[in-house]
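S.K.: Letter by letter, the chains look like this.
Number of protein chains: 4
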Amino acid sequence: MQTASPGLKSGRILLRAKDQPGIHNAILGVIQKAGYNVTDASGKSIDGQYLIRSEFSATKEELSLQEFEHRFSEALAPLGLKDMYIRVIDAGRRKRAAIMVSEITYCFKELLHHLEEGDLSFDIACVISNSRKAEELAKSRGIKFHYIDAGKKSRDGEVAFEQRKLDAEKEIDKLTAGNVDFYILAKWHRILLPSGPLLSNRIPIMSVHPSLLPSFIGGHAIKDAYENGVKIAGATAHLVTKEDKNIDEGPKLIQIVQHAGNLPWHEFEKNVQFAEREAIYRAAKLMGEDRYIIYSDPSSGTRKTFIL
Amino acid sequence: MQTASPGLKSGRILLRAKDQPGIHNAILGVIQKAGYNVTDASGKSIDGQYLIRSEFSATKEELSLQEFEHRFSEALAPLGLKDMYIRVIDAGRRKRAAIMVSEITYCFKELLHHLEEGDLSFDIACVISNSRKAEELAKSRGIKFHYIDAGKKSRDGEVAFEQRKLDAEKEIDKLTAGNVDFYILAKWHRILLPSGPLLSNRIPIMSVHPSLLPSFIGGHAIKDAYENGVKIAGATAHLVTKEDKNIDEGPKLIQIVQHAGNLPWHEFEKNVQFAEREAIYRAAKLMGEDRYIIYSDPSSGTRKTFIL
Amino acid sequence: MQTASPGLKSGRILLRAKDQPGIHNAILGVIQKAGYNVTDASGKSIDGQYLIRSEFSATKEELSLQEFEHRFSEALAPLGLKDMYIRVIDAGRRKRAAIMVSEITYCFKELLHHLEEGDLSFDIACVISNSRKAEELAKSRGIKFHYIDAGKKSRDGEVAFEQRKLDAEKEIDKLTAGNVDFYILAKWHRILLPSGPLLSNRIPIMSVHPSLLPSFIGGHAIKDAYENGVKIAGATAHLVTKEDKNIDEGPKLIQIVQHAGNLPWHEFEKNVQFAEREAIYRAAKLMGEDRYIIYSDPSSGTRKTFIL
Amino acid sequence: MQTASPGLKSGRILLRAKDQPGIHNAILGVIQKAGYNVTDASGKSIDGQYLIRSEFSATKEELSLQEFEHRFSEALAPLGLKDMYIRVIDAGRRKRAAIMVSEITYCFKELLHHLEEGDLSFDIACVISNSRKAEELAKSRGIKFHYIDAGKKSRDGEVAFEQRKLDAEKEIDKLTAGNVDFYILAKWHRILLPSGPLLSNRIPIMSVHPSLLPSFIGGHAIKDAYENGVKIAGATAHLVTKEDKNIDEGPKLIQIVQHAGNLPWHEFEKNVQFAEREAIYRAAKLMGEDRYIIYSDPSSGTRKTFIL
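Quick mapping for you: the protein sequence lines, in order, are chains G, B, Y and E. Basically the working numbering = 1-based index in the first sequence + 127. Basically the working numbering = 1-based index in the second sequence + 127. Basically the working numbering = 1-based index in the third sequence + 127. Basically the working numbering = 1-based index in the fourth sequence + 127.
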């Protein structure tokens, strides 16, 4: 999404590398030498990784994003870092998100609420849905809407259904690629295809699941939690990535809890929905501000996030 | 444990039955006719069950516990209740618990703290442990202590080890049967034998597990949760019953949460231990006051608790 | 609001009296003798009070609400109870609420959300507001709307302003009296007049305040909390009654907390608003189901609630 | 407490200054030029302040703490910072705390628990108390104990009582000055004298209060909260400083909440004590790791903390 920018007024760097001496100094050296001021800094060591999120502002001359990338690479090269992740971001550019939503709209409506209250740190580029209700909600607020029908197994048959899902993803990709910074699955009814265009194009995707994962994966999480007799319920906002073995196993961003003891089914369900609405808003906000870094747990290999 | 009592000054009834009209009235009728006053009442309908916990006090004449049981049975008989559970309790008698603890003593110490502060609603009949540290803690407070060695696989070999576990349970049973109202497994190092004496004798057993079950069953729950990247951690106090398919799958009594995001391993672990200490105390208190009723979820068959 | 009902299919009783033997039995005796079944029962002793909330269903013949009231009075008379509060309610009748809202609509929108999701246990009789935004929100959902202008000090002058406030209350009273079971002040911009018609007519009124009361009363609660440096923030839903010495000092119904440490002002404010939205919904639900009883703390005289 | 150190293996800097460009760069420039590596960095802008907590490790040559202080001063001088706070700390030296405790020992016992579990990031230099129970607890663990009698109004008379308090503070000061990094008031029974030696010598002092401050200051906080009818209770760990207008109004470090609705007095009290125990441990940990910076809210002037 980022086109050549003539010069950054304010920039942001995200970095993850195997922890070793000198990483932070190398990054800071570049920023200082470029005549920028550090305005916000986080550098943390965890699980053998070193993670940086830092913001910097131009004083006089401005460097382009590409030039920053180049200089960071050069400065880090002598350290011979392995498995490094680095990203330089124009902090002055407001991000754009595509929201994908199906028939169940309470998470989408929570995002719309925050849009109206001016709480969102990003813009909604468009809404993609197979639901006329979502269409009405989007259009009444002047948000671009795309109707997508991803088929139904019963109507299409197994093979045609798979094809329809792929077609739908291709269409979504076409509508959004190059135009959005991330996707929010606000109760999207389809599991993304592991080799489909959406997971392959590496644009971040966030989803919300109505349980405290890893408990209760799958399509009946609230009911399953209720039937299990949990005393604490909740929701998880997580990333959806090509690396996930299963849906609901992507790196977690936020978990919100709610009391669940003694509640009858309907109130239990409502409590989880409260948690979902809070989780999706908070996770969306994190994404709009680039406040997470993914890394692998050194023992289990599970992909975790650190929030900065 | 309950021997023939000449007359109840104050009684307590716990009841669970398939919900149908007339249950509460039948129970209340007996209490009223006996000349007792209801002093605390809970009657709740959930998941197709009707649950009662009620306390009552004598005004003049006193009825024995057995007489109450008899009268309740008679009054309920016309309703033809299925799968009914009913228990009448002498509310004036302080309960007695046996605490089983191994090398890790922080949960035991939490209980001792509340003992010293006068917070416990029951007495500690004895402490059973394979740990000299627990012995010292118990004896310095004048609590009866029994040393039990349940063996080690490496030392005993597989077959001898199973026998040692059985011998240990038999010994514990002998030391406690007829003398305790419930067991608290305050970090006990052995899985109870499914057909062993402790699970067979039907005296309630409570244990605490360092995760928000059903996530992370097994012996490395805190580590597993950490490696999974959860943002919310916690502990679960649950019952251990003959019906449980696996350890950690007994009816849940209490779940306590703690924040877990961004924490390094050691602080994550400490937060879970905070949750365990709170969970074991709260669950012990519930048991001392007969504040739970077990019932089966009608859809999943999972055994859940309702706290009254 | 309750007109003579020919017979209750299901009833509800709320009672509060100085605790003494025999209260619960007297109530239960009436229900049983009338041939009704107790279907939900709570009887609790706290702070020297005995509190009852109980539901009961007809089996064959039905008694009118008035007849129940009469019989309860008769049965309790021999106990000579002081300061007794008793209310019999037709449990089959859905309650009706008037919502009063000013320019800030996020609490009102939260209620509308739950209306649309079918979560409300009551109907919205009408919306009363001085805001065109609230008008649009109400009318687009087919909810009766009344525009009320309660004046402005700057425009009306002090004396005229007081008169305008009184006129507004009179108008609201006229629009709603006999037609609503309770009022919800969903961010209403006027302090109710201590001797005005709304507080005098004794119909319950609920309001939400953006702090963990009694901290930060008054009109700038969120800002005050922020400037104070609290690490935990929240919101309180409370009743507004003629007895309150100050606004924000009525009996508390619900308090919801949110994390507040290290947050910049805007995020702090958003967290409190999350708490307000949750508090107003939960408190509204309690009111729709008659789940609170007010009583005075025996030491301080402060009026508290017990939730049943 | 910090004597001339020949060279820092690892250092820590805390800084607070009115936010303006160049602060972070100046600090980082010094660290880099000294040949140290930044290993942990936090630089945050809030309420018009810029706050830094950063750790750094020597690569080859080591600079003394004094030399670092000197270089930081020089580097910051051109910025003309006002109201600046800066501290350089030897991160390799384990801190030492004096614990002051009176008759109520549950907070002290919580700290002892964590001492035994190896959770504390500091050493307990000594325990100061007027309680023989505290003495026994300390001595049985081999902790240095000083008995201090700060008098009683009833015994000493008003004037003599004030003198006794002053004498006690002088004695404590003598016992600890130059030997401790901070004080923990683990339920200390005396209000520190505003002009007494302990508040004057500027060694940090932490205390825990059994309410969610600013609600319920004073000596009967738990009772006051109970009588007020709060639905959420909790505890606050805060600093005690010369600048506080009243006790309980020092900068807050940590607030811990507990559910409080419907609880009878004794359980309410126990819940608050749970919160106190968690708060004192967490706050002690923050102090041992220098994880807080005090600053004044720009609007109210109230002194707040930011946790880094």
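FYI, nobody ran anything at the bench for these hints, they're computed from the structure. Possibly wrong hints are sitting among the right ones.
Which chain B residues stay away from chain E? Per the calculated CB distances, all over 10 Å, these [as the list claims (entries may be wrong)]: (1) D146; (2) G175; (3) E188; (4) P205; (5) D246; (6) I251; (7) A252; (8) N257; (9) S258; (10) A277; (11) G284; (12) Q290; (13) D351; (14) K397; (15) E405; (16) G428.
Label-pair distances were calculated between CB atoms; the ranges are [unchecked claim]: (17) G:S426 / E:H197: 42 to 50 Å; (18) E:G345 / B:R268: 31 to 39 Å; (19) B:K266 / E:E196: 47 to 55 Å; (20) E:R214 / G:K136: 30 to 38 Å; (21) Y:L242 / G:G269: 20 to 28 Å; (22) G:I213 / E:D424: 53 to 61 Å; (23) E:H197 / G:R214: 49 to 57 Å; (24) G:E394 / Y:N373: 30 to 38 Å; (25) Y:P133 / B:Q147: 56 to 64 Å.
Ideal Cβ placement from N, Cα and C applies to all residues, glycine included.
S.K.: Now tell me, hint by hint, if it's right for this structure.
M.R.: To see whether the hints hold, each was checked on the structure:
1. Listed as a non-interface residue, B:D146 keeps its Cβ farther than 10 Å from every Cβ of chain E; the least gap is roughly 24 Å.
2. Every CB of chain E lies more than 10 Å from the CB of B:G175, the least distance being 26 Å, so the non-interface label holds.
3. With a least beta-carbon separation of about 30 Å from chain E, B:E188 lies farther than 10 Å from that chain, consistent with its non-interface assignment.
4. The beta carbon of B:P205 is kept farther than 10 Å from every beta carbon of chain E, the shortest such distance being approximately 35 Å.
5. A Cβ of chain E approaches the Cβ of B:D246 within 10 Å, the least distance being about 6 Å, so the stated non-interface status is violated.
6. For B:I251, the shortest C-beta to C-beta distance to chain E comes to about 18 Å, beyond the 10 Å cut-off, and the non-interface label holds.
7. A cut-off of 10 Å between C-beta atoms confirms that B:A252 is not in contact with chain E; the least separation is 23 Å.
8. Distance check on B:N257: its Cβ is at least 20 Å (rounded) from any Cβ of chain E, clearing the 10 Å threshold; non-interface status holds.
9. Every C-beta of chain E lies more than 10 Å from that of B:S258, the closest at about 14 Å, which supports listing it as non-interface.
10. Every CB of chain E is more than 10 Å from the CB of B:A277 (nearest about 24 Å), matching its label as outside the interface.
11. The claim that B:G284 is not at the interface with chain E holds, since no C-beta of that chain comes within 10 Å of its own (minimum 34 Å).
12. With a minimum CB-CB distance of about 35 Å to chain E, B:Q290 clears the 10 Å threshold, and the non-interface call stands.
13. Under the 10 Å C-beta cut-off, the non-interface status given to B:D351 relative to chain E holds; the minimum distance is some 21 Å.
14. The Cβ of B:K397 does not lie farther than 10 Å from every Cβ of chain E; its closest approach is about 6 Å, which violates its non-interface assignment.
15. A Cβ of chain E approaches the Cβ of B:E405 within 10 Å, the least distance being about 6 Å, so the stated non-interface status is violated.
16. For B:G428, the requirement that its beta carbon stay farther than 10 Å from each beta carbon of chain E is met, with the minimum near 31 Å.
17. Hint check: G:S426 to E:H197, Cβ distance near 44 Å, so the stated range 42 to 50 Å holds.
18. In this structure, E:G345 and B:R268 meet the distance hint of 31 to 39 Å, their C-beta atoms being roughly 34 Å apart.
19. For the pair B:K266 and E:E196, the supplied restraint of 47 to 55 Å holds, since their beta-carbon distance comes to about 54 Å.
20. Taking 30 to 38 Å as the suggested C-beta distance range, the pair E:R214 and G:K136 conforms, at roughly 33 Å.
21. Our hint of 20 to 28 Å for Y:L242 and G:G269 holds, since their Cβ atoms are close to 24 Å apart.
22. G:I213 and E:D424 have their C-beta atoms about 37 Å apart, which leaves the hinted 53 to 61 Å range violated.
23. Checked against the hint of 49 to 57 Å, the pair E:H197 and G:R214 fails, with Cβ atoms roughly 38 Å apart.
24. Restraint check, G:E394 to Y:N373: a C-beta distance of roughly 33 Å satisfies the suggested window 30 to 38 Å.
25. Evaluation of the 56 to 64 Å hint for Y:P133 and B:Q147 yields a failure: the beta carbon distance comes to about 27 Å.
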